[in-house]
Amino acid sequence: MEQAKALKTKEKTQEKKHQRTKAEKKELLFSWLCLVPSIIGILIFFVAPFVVVGKYSVIDNVISNNFVGLENFKKLFENNAFKIAAKNTGVFTAIAIPLAIVFSLLLALLLDKKIPLKSQLRTCFLCPLMVPVASVVLVWQVIFSYHGALNDTLEKYGIASIDWLNSKWAIGVVTIMFLWKTLGYNMILFMSALNNMPMDLIEVADLEGASRMYKFFKIRLRYLSPTIVFVLLFSLINSFKIFREVFLITGGYPSTELYMLQHFMNNTFESLDYQKLSAAAVVLALAMIVIIGIVFALENKFGSDVEE
Amino acid sequence: MDSVKKKKKSFAWFKSKTAIIFYTVVAIFFAMFFVVPTVVTIADSFMSETEITANYGSVFPDKKSNSYISKSIKIKIIPDKVTFDQYIEVLFKNSQYLLKFWNSVILTVPITIFQLVIASFTAYGFSRCRGKLKEIIFFAYVIINLMPYQVTLVPNYLVCDKLGILDTRWAVLLPGIFSPFAVFLLTKVMRRIPSAYIEAAKLDGAGEWRIFTMVFMPMCKSSLVSVGMLVFIDYWNMVEQPLILMKDSTKYPLSVFLSEINSGDIALAFAVATIYMIPTLLMFLIGEEALVEGIAYSGGIKG
Chain A
1 MEQAKALKTK
11 EKTQEKKHQR
21 TKAEKKELLF
31 SWLCLVPSII
41 GILIFFVAPF
51 VVVGKYSVID
61 NVISNNFVGL
71 ENFKKLFENN
81 AFKIAAKNTG
91 VFTAIAIPLA
101 IVFSLLLALL
111 LDKKIPLKSQ
121 LRTCFLCPLM
131 VPVASVVLVW
141 QVIFSYHGAL
151 NDTLEKYGIA
161 SIDWLNSKWA
171 IGVVTIMFLW
181 KTLGYNMILF
191 MSALNNMPMD
201 LIEVADLEGA
211 SRMYKFFKIR
221 LRYLSPTIVF
231 VLLFSLINSF
241 KIFREVFLIT
251 GGYPSTELYM
261 LQHFMNNTFE
271 SLDYQKLSAA
281 AVVLALAMIV
291 IIGIVFALEN
301 KFGSDVEE
Chain B
1 MDSVKKKKKS
11 FAWFKSKTAI
21 IFYTVVAIFF
31 AMFFVVPTVV
41 TIADSFMSET
51 EITANYGSVF
61 PDKKSNSYIS
71 KSIKIKIIPD
81 KVTFDQYIEV
91 LFKNSQYLLK
101 FWNSVILTVP
111 ITIFQLVIAS
121 FTAYGFSRCR
131 GKLKEIIFFA
141 YVIINLMPYQ
151 VTLVPNYLVC
161 DKLGILDTRW
171 AVLLPGIFSP
181 FAVFLLTKVM
191 RRIPSAYIEA
201 AKLDGAGEWR
211 IFTMVFMPMC
221 KSSLVSVGML
231 VFIDYWNMVE
241 QPLILMKDST
251 KYPLSVFLSE
261 INSGDIALAF
271 AVATIYMIPT
281 LLMFLIGEEA
291 LVEGIAYSGG
301 IKG
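So the protein sequences, as listed, match chains A and B. When the letters of the first sequence are read in order and numbered with this note's numbering, they come out as residues 1 to 308. When the letters of the second sequence are read in order and numbered with this note's numbering, they come out as residues 1 to 303.
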């Protein structure tokens, strides 16, 4: 398919433009050949099955294949488990992502100062990225269990114990685990953006007598905005991976507060309800595409005049 | 000019010595938070079972009596008595932990290697002879790359079912190998290689294959290392894929299995957790510079 398409466009461009030399033809052919294995893999494992998922989401069941329109989606949005899962995922994302951006930017600014032990500190911040989730889950349990270290400490100061993992605080605990894991990566992104900051602009601003606030908000933040947009998107993708921590600590059926979209999907897998599953996958994919579209639009807006 | 000096003076604190000390203290405080969980895990792996049950008796039930033996908790970095009992048990006496470790290796290593090989070719294809069609296809890769597992797992499950490889390792391996993550990053790196290098190689009579192997590959070395590390840790961590794509729990990687041993053999679990982080931590300590460089490259969405 792809090859046929490629050949067609090749022909078209050849008609329009000058006749390609033999060497150029070879080059083009080789570059397309390089793409073939990956494109076949992507088509088989991602694109084609997703089309099937799309089809499953609008039929009644796999045997009779009757088209039912948006019936499955209607059922999905009426499903209580889905509603709870969507709400929890939404709340977690809304809390965790802004915090991830602010804290990683602060860490990057901190390491941008002339402080000692810079590279050691960077190593410390980045280290959780390379520590397997399953390895530190034990420590999280030790800290956040009902009889864990956190409550033990709080008790000494006369604060009543809180059931961190089974109350409204659970989202907060998960947020901490998320920040622990991802801040380092984001920090490196911000650090490299700070390094590429055009210093002459800041020097000019200094000469013009610009205030510190002005320099930070109008120059630095302006130049960081494409990175902020990227960190936003990257954190969003990573926020879905927090399921690993939650699953490893609480298993497939956690308290209502921690029941995420991922739990919903996994548990629906077990009951093999293809229609519900497909509808949920389509909804999630559409939501992601809308968000990605917004992020790309933002990047175009902020990135256009600051790109190298 | 006077006003400039005044303003500078009023903000002089930010650059003063006290400020630097303040920043350092804050940074070290944060750094502790990032390191402590890892350090505690490693330290606990050298503690005896009695010490662990005494320290964490309120969190994890005792193995024999299945009850919580103590009310308070102690987090200690230095063991009372260093012991290798847990390691001896895990490495020599009980084979199931090493078996699960091997399960992790046999899934993660091939995915990392083959994803890198395929991605190198693909990224080369995307960065040479760029045209409108290629840009559109690359954009599709970007979108697929941004989809959470929960979206791609459903299609993966369906296709593995069709191919009859469900419940085998191939169900995890194949989608992993073709995952577009490495393509996305390597393409961005390769597109920044100046065309002057390619022209020079052509003048020397190099064909496409030689340009790929002798110009592009050497220039991407550090990126290949860092992408490899990121892919490796991602699959070393896998939880969702084996749960859904493989029913046979004897084939589960250690990442999933660790959560199951938590409740009973808590002292052992610390040793297993430590063994599990050795490969990735080693990679990190050796390749930190390459990793940082690779991450810095990954910033920005478009190539």
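These are calculated hints, taken from the structure and not from any lab test. Be aware that one or more of the hints could be misleading.
Chain A is faced by these chain B residues, among others (derived, beta-carbon under 7 angstroms) [as the list claims (entries may be wrong)]:
(1) A31
(2) F34
(3) T38
(4) A43
(5) T53
(6) Y56
(7) V159
(8) L282
Distance condition first, Cα-Cα at most 30 angstroms in a straight line; then the derived DSBU-like pairs of lysine-lysine [to be verified]:
(9) K247/B / K55/A
(10) K55/A / K26/A
(11) K93/B / K81/B
(12) K301/A / K241/A
(13) K74/A / K87/A
(14) K247/B / K218/A
(15) K74/B / K168/A
(16) K132/B / K26/A
(17) K162/B / K241/A
(18) K25/A / K87/A
(19) K221/B / K25/A
(20) K301/A / K74/B
(21) K81/B / K241/A
(22) K168/A / K83/A
(23) K81/B / K25/A
If you anchor each label on the Cβ, the simulated ranges turn out as follows [stated by the list, open to error]:
(24) V62/A / I106/B: 30 to 38 angstroms
(25) D112/A / I165/B: 45 to 53 angstroms
(26) A200/B / R20/A: 31 to 39 angstroms
(27) R192/B / R20/A: 19 to 27 angstroms
Built from N, CA and C at the ideal position, the CB exists for glycine as well.
>> For a quick check of understanding: which of the numbered hints are violated here, in increasing order?
In response: 4, 5, 8, 10, 14, 18, 20, 21, 23, 26
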